[in-house]
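Student: So the chains spell out like this:
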Amino acid sequence: RKEVEQDPGPFNVPEGATVAFNCTYSNSASQSFFWYRQDCRKEPKLLMSVYSSGNEDGRFTAQLNRASQYISLLIRDSKLSDSATYLCVVTPWNTDKLIFGTGTRLQVFP
Amino acid sequence: GAVVSQHPSRVICKSGTSVKIECRSLDFQATTMFWYRQFPKKSLMLMATSNEGSKATYEQGVEKDKFLINHASLTLSTLTVTSAHPEDSSFYICSAREIGQIYEQYFGPGTRLTVT
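Taken in sequence, the protein lines are chains G and U. 119 is the number that my numbering gives the last residue of the first sequence; the numbers go up by one with no jumps. 118 is the number that my numbering gives the last residue of the second sequence; the numbers go up by one with no jumps.
Honestly, the hints are just simulated from the structure, not real lab data. Heads up, the beta-carbon is just placed ideally off N, CA and C, and yes, glycines get one too. Keep in mind that the hints are not guaranteed to be accurate.
[What the hints assert, rightly or not] Here are the simulated DSS-like cross-link-like pairs (lysine-lysine), alpha carbons at most 27 Å apart as the crow flies: (1) 68/U <-> 57/U; (2) 66/U <-> 51/G; (3) 44/U <-> 11/G; (4) 68/U <-> 51/G; (5) 68/U <-> 43/U; (6) 106/G <-> 44/U; (7) 16/U <-> 66/U; (8) 51/G <-> 44/U; (9) 66/U <-> 106/G; (10) 51/G <-> 88/G; (11) 66/U <-> 44/U; (12) 51/G <-> 43/U; (13) 54/G <-> 22/U; (14) 11/G <-> 68/U; (15) 68/U <-> 106/G; (16) 57/U <-> 106/G; (17) 66/U <-> 11/G; (18) 11/G <-> 43/U; (19) 43/U <-> 22/U; (20) 22/U <-> 57/U; (21) 43/U <-> 66/U; (22) 51/G <-> 22/U; (23) 16/U <-> 44/U; (24) 106/G <-> 22/U; (25) 54/G <-> 43/U; (26) 106/G <-> 43/U; (27) 106/G <-> 51/G; (28) 44/U <-> 88/G; (29) 44/U <-> 54/G; (30) 43/U <-> 88/G.
[Claimed, not checked] Okay, the calculated bits of chain G under chain U, using three or more residues with CB under 8 Å as the criterion: (31) 46-53; (32) 101-108.
So that you can see chain U by itself, here it is in the shape it has in the complex (with noise of 0.2 Å):
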């Protein structure tokens, strides 16, 4: 079946640091990937959407400069968290959409970032 990687699985980094997420696509060529944040016992929300090649959509009240995603090829997306903040400590999800697919969405196993 298809699936989706994330690295890294957990993260701790101090406040003002940067760090990347990257999400693979391991047995498919994915022309959407999506990224989700879920804090505790809240419904995971989507960030942003994108797309391999241009530039991502970001969702009402996420700061583009703050998430910064890139879409470099096929199979890899990557979320860059600038100058975390200690609200930004989640877990953080992606999920990827196969060439062809219209709503399934394969996600990848997460990564739970804290912030200090």
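One chain only, chain G, in its complex shape (with noise of 0.2 Å):
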């Protein structure tokens, strides 16, 4: 079992519309959560980290289920410059790494 999953897409959406990811990770001690941003053939951006109590950033929304080893990431109003791949990562307990997921493509179309 990979260590963190996510749908691959893509998820193809009309602008505007609100959209919604999900990851789950396997290892339950697990201590850090994020989202990251990747455009085609350029290196990942920090979208936004993930806190228990769920977060959220302008049209960004992040939320973690521990129990499930859940994370998920909702878009509303999806806009043409979001077309980007989203990816899940994990930071388990007692490391600085971060593990990636393989991440969800959207494509937002006019």
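Put the complex together from the two separate chains, hints included.
Tutor: So this is what it looks like as structure tokens:
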């Protein structure tokens, strides 16, 4: 089983739509969680950290469910510029490594 | 903001040759740098963790004699792919962590290596 699993997509949505991505992780002792965004042939960029209480940054909302080992990202009012691959990232307990999921590809169309 | 550069951005080399990739933190000091590899449509895979002034720690399955890592200063780490083969063709990305930070890593723009 992969350490971090994501639906690869692609998710094709119209501008203005709301879209949600899910991610599961296998190590119950994982301690930190993030969503990164990666554009084609570019480096990943931190989108937001994910906290147990859930957190929001503008149109983006992240949720963490430790009991189910599940992380989500909700994007409201999608923009064309949101088209990218969204990477779920986990840090195992007692390490400083980042474990990346394979990413979920989002394509927003006009 | 923190900026990490990589050089070269793209390189094509012949089988059997060695290629060196540089990773620099431009406006901060990085005690730790990380090297990742990403194959098409795959996730980033951590290859090794490099600490300034000490030997790199390699992940399971990564050959340390093939992927030589040097982290001689707080702003520079290098990855040398020795005796490159076509299967080494990949996107190599480094990241750097600033002194005092625990988790946040700043990523370089990546180096696309093609071995012919």
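Student: So, for every hint listed, does it hold in this structure?
Tutor: We went through each hint and held it up to the structure:
Note on residue 68/U and residue 57/U: the hinted pairing holds, with a Cα-Cα distance of about 14 Å set against a maximum of 27 Å. Only pairs whose Cα atoms come within 27 Å are accepted, and residue 66/U paired with residue 51/G is accepted, the gap being roughly 26 Å. Restraint check: the Cα-Cα separation between residue 44/U and residue 11/G comes to about 12 Å, which is no more than 27 Å; the hinted pair holds. Between residue 68/U and residue 51/G, the direct Cα distance comes to roughly 25 Å. Compliance with the 27 Å bound is thereby established for this hinted pair.
With a C-alpha separation of about 24 Å, the suggested pairing of residue 68/U with residue 43/U holds against the 27 Å cut-off. Note on residue 106/G and residue 44/U: the hinted pairing holds, with a Cα-Cα distance of about 18 Å set against a maximum of 27 Å. Restraint check for residue 16/U and residue 66/U: satisfied, since their Cα atoms lie roughly 21 Å apart, inside the 27 Å limit. Of the supplied pair hints, the one linking residue 51/G and residue 44/U holds, its CA atoms being roughly 14 Å apart against a limit of 27 Å.
A C-alpha spacing of about 18 Å is found between residue 66/U and residue 106/G, which places the hinted pair at or below 27 Å, so the restraint holds. Of the supplied pair hints, the one linking residue 51/G and residue 88/G holds, its CA atoms being roughly 19 Å apart against a limit of 27 Å. For the proposed pair residue 66/U and residue 44/U, the alpha carbon gap of about 22 Å is at most 27 Å, so the pair holds. A C-alpha spacing of about 13 Å is found between residue 51/G and residue 43/U, which places the hinted pair at or below 27 Å, so the restraint holds.
Restraint check for residue 54/G and residue 22/U: the C-alpha separation of about 24 Å stays at or below 27 Å, so the hint holds. Taking the CA atoms of residue 11/G and residue 68/U, the gap is near 26 Å; set against the 27 Å cutoff, the hint holds. Our distance criterion of 27 Å between C-alpha atoms is met by residue 68/U and residue 106/G, whose separation comes to about 22 Å. Taking the CA atoms of residue 57/U and residue 106/G, the gap is about 17 Å. The hint holds against a cut of 27 Å.
A hinted pair counts as satisfied when its Cα atoms are at most 27 Å apart, and residue 66/U with residue 11/G qualifies at roughly 24 Å. Note on residue 11/G and residue 43/U: the hinted pairing holds, with a Cα-Cα distance of about 15 Å set against a maximum of 27 Å. For the hint linking residue 43/U to residue 22/U, the alpha-carbon distance of about 24 Å falls within 27 Å, and the restraint holds. Straight-line distance between C-alpha atoms of residue 22/U and residue 57/U comes to about 17 Å, which keeps the hinted pair within the 27 Å bound.
For the hint linking residue 43/U to residue 66/U, the alpha-carbon distance of about 25 Å falls within 27 Å, and the restraint holds. In summary, the hint linking residue 51/G to residue 22/U is supported, as the alpha carbons are separated by about 20 Å, within the 27 Å threshold. As the CA atoms of residue 16/U and residue 44/U are separated by approximately 24 Å, the hinted pair is consistent with the 27 Å bound. A distance of roughly 24 Å separates the Cα atoms of residue 106/G and residue 22/U; the hinted pair therefore holds under the 27 Å criterion.
Proposed proximity of residue 54/G and residue 43/U is supported: the alpha carbons are some 17 Å apart, at most 27 Å. Restraint check for residue 106/G and residue 43/U: satisfied, since their Cα atoms lie roughly 21 Å apart, inside the 27 Å limit. For a cut-off of 27 Å, the pair hint linking residue 106/G to residue 51/G stands: about 20 Å separates their Cα positions. In summary, the hint linking residue 44/U to residue 88/G is supported, as the alpha carbons are separated by about 25 Å, within the 27 Å threshold.
Restraint check: the Cα-Cα separation between residue 44/U and residue 54/G comes to about 16 Å, which is no more than 27 Å; the hinted pair holds. As the CA atoms of residue 43/U and residue 88/G are separated by approximately 23 Å, the hinted pair is consistent with the 27 Å bound. Counting residues of the region 46-53 of chain G whose CB lies closer than 8 Å to any CB of chain U gives 4, which reaches the minimum of 3, so the coverage claim holds. Here's how the region 101-108 of chain G fares: 4 of its residues keep a CB closer than 8 Å to some CB of chain U, so the rule of at least three is met and the hint holds.
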